[in-house]
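*Asks:* Model the full assembly from the supplied sequences, consistent with the hints where possible.
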Amino acid sequence: MTSTTTLSMALPVEHRDRLMRLAREVSFEAGERLFEEGRRADRFWIIRTGTVLLDLHVPGRRAAVIESLGHGELLGWSWHYAPYVWQLGAETLSPVRAWEFDAEAVRAACARDPEFGRAVATWVGRVVAHRLQASRIRLLDLYAPYGSGTPA
Amino acid sequence: MNDVPVPYQVTGVRRESADTVSLTLAPAGEEALEPFAPGQFAMVYAFGVGEIPVSVSRIGRRELVHTVRSVGAVSAALCALRPGSQVGLRGPFGTGWGLERAAGQDIVVVTGGIGLAPLRPLVLAALAARRAYGRLNLLVGSRTPEDLLYADRIRAWVDSHGPLHCQVTVDRPSPAWWGHVGLVTTLLNSALFTPENTTAYVCGPEPMIRATARDLLHRGVRPERIRVSLERNMRCATGHCGHCQLGGVLMCLDGPVIGWDRVESLLAVREL
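So the sequence lines, in the order shown, correspond to chains A and B. Mapping of the first sequence onto our numbering: position 111 corresponds to residue 113, and the numbering continues sequentially without gaps. Mapping of the second sequence onto our numbering: position 64 corresponds to residue 273, and the numbering continues sequentially without gaps.
What the hints contain is simulated information worked out from the structure, not anything from laboratory work. One thing to keep in mind: the hints can contain errors.
[Said to hold, decoys possible] Computed far set for chain B versus chain A, every beta-carbon distance over 12 Å: (1) Pro214; (2) Glu239; (3) Ala241; (4) Ala289; (5) Arg291; (6) Ala312; (7) Arg381; (8) His449; (9) Gln454; (10) Val458; (11) Glu473.
[As the list claims (entries may be wrong)] Taking CB as the label site, the calculated pair distances span: (12) A:Ser10 / B:Pro216: 35 to 45 Å; (13) A:Gln89 / B:Gly259: 41 to 51 Å; (14) B:Thr403 / A:Met22: 19 to 29 Å; (15) B:Leu481 / A:Ser10: 32 to 42 Å; (16) B:Ala241 / A:Arg18: 57 to 67 Å; (17) A:Leu24 / B:Ala285: 18 to 28 Å; (18) B:Ser383 / A:Ser29: 40 to 50 Å; (19) A:Glu106 / B:Arg364: 39 to 49 Å; (20) B:Arg479 / A:Gly40: 39 to 49 Å.
[To be verified] Reference listing, derived: stretches of chain B covered by chain A, where coverage requires no fewer than 3 residues with Cβ under 8 Å from a Cβ of chain A: (21) 344 to 355; (22) 387 to 401; (23) 412 to 421.
Since the model is a prediction, treat every value here as computed from it, not as a measurement. Cβ coordinates follow ideal geometry from the N, Cα and C atoms, glycine included.
*Replies:* Structural data, given as structure tokens:
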């Protein structure tokens, strides 16, 4: 597993510059909801400072926090894949500054320039693969008593 | 190094979490073990039960601290000890972390679960000689906030040694948790280090070590500068029985701390 998922490491500079031309600076207070599971994924963010928690709604209970994201990380990938619906919710843990992107504008830019589109798709795919692998390792519950699994 | 257990007395017991305690041990008589280096381990003998390898988690002038998690018969017996009880100790065994090799470099310490225990002496040694090193990062992964080892002391390290860049992440947050959630490798994104001038020290469950080492490699840390501590079935601790063999490596002699360059290919061999 690698962590070349931050924008600065994952996108070639010419594509990064192009993507950043579509960005706008935003900031959020701690405790702000950024998106909700099941809603339309119409934007995404790259976190500059602060921490965002991803959570999953559990009826009758407090939302279960799945993961936290911080500096340089992509917040949201559902905007890239139809049906463009958030799979999780997100809430800021601390004050957050981020670059915000309009999903439709980025998708349109990707459609106009296949090379740019391929670079963005590779980046987003890498993020998804990275988080999948991290989730798989966490599924092992390595720090549990006796670690995971049974002796050979 | 002693081949025969030396009697040590339990002078302190501190409960670190529901299943983990730190035992402070002092020589019961005149005889004492030679000084330990951070990363080395002792064979700790619970009389009448058995002997297990335990890394040293603090090194005093005469006292040693071993942090033990109750996961088997011997470790359960050790965790049940009270002040005044005696154990047998052999050691010191194995290789140390080799902090001196990191002089002038950034340091990244990555721990998972009880893996923080063997690295505590290294963190304390680095903090005691801050000017000898570059930026010091401590990245800690824990199952839950309640399982986090040395929580109060971690806070004290950060408070009293400003340059320590410490981050903690948990797999399963409790409602009161106010921090990172996720695999410990994700903390590397915000760690402060220049990969080509960094020495990393990694200890935890082996899948976590592999994931961390690969991530560090990918960022540009040289494989020989990624020092990992591996657990194997150590029995004699003197290189005779072969139980801890990993390919051509005897972990009790060549390890437990070893460079990633020496073990990466071995860990990919299922038969080992």
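*Asks:* Hint by hint, work out which the structure violates, then give me just those numbers in ascending order.
*Replies:* Hints 7, 12, 17, 18 not satisfied by this model.
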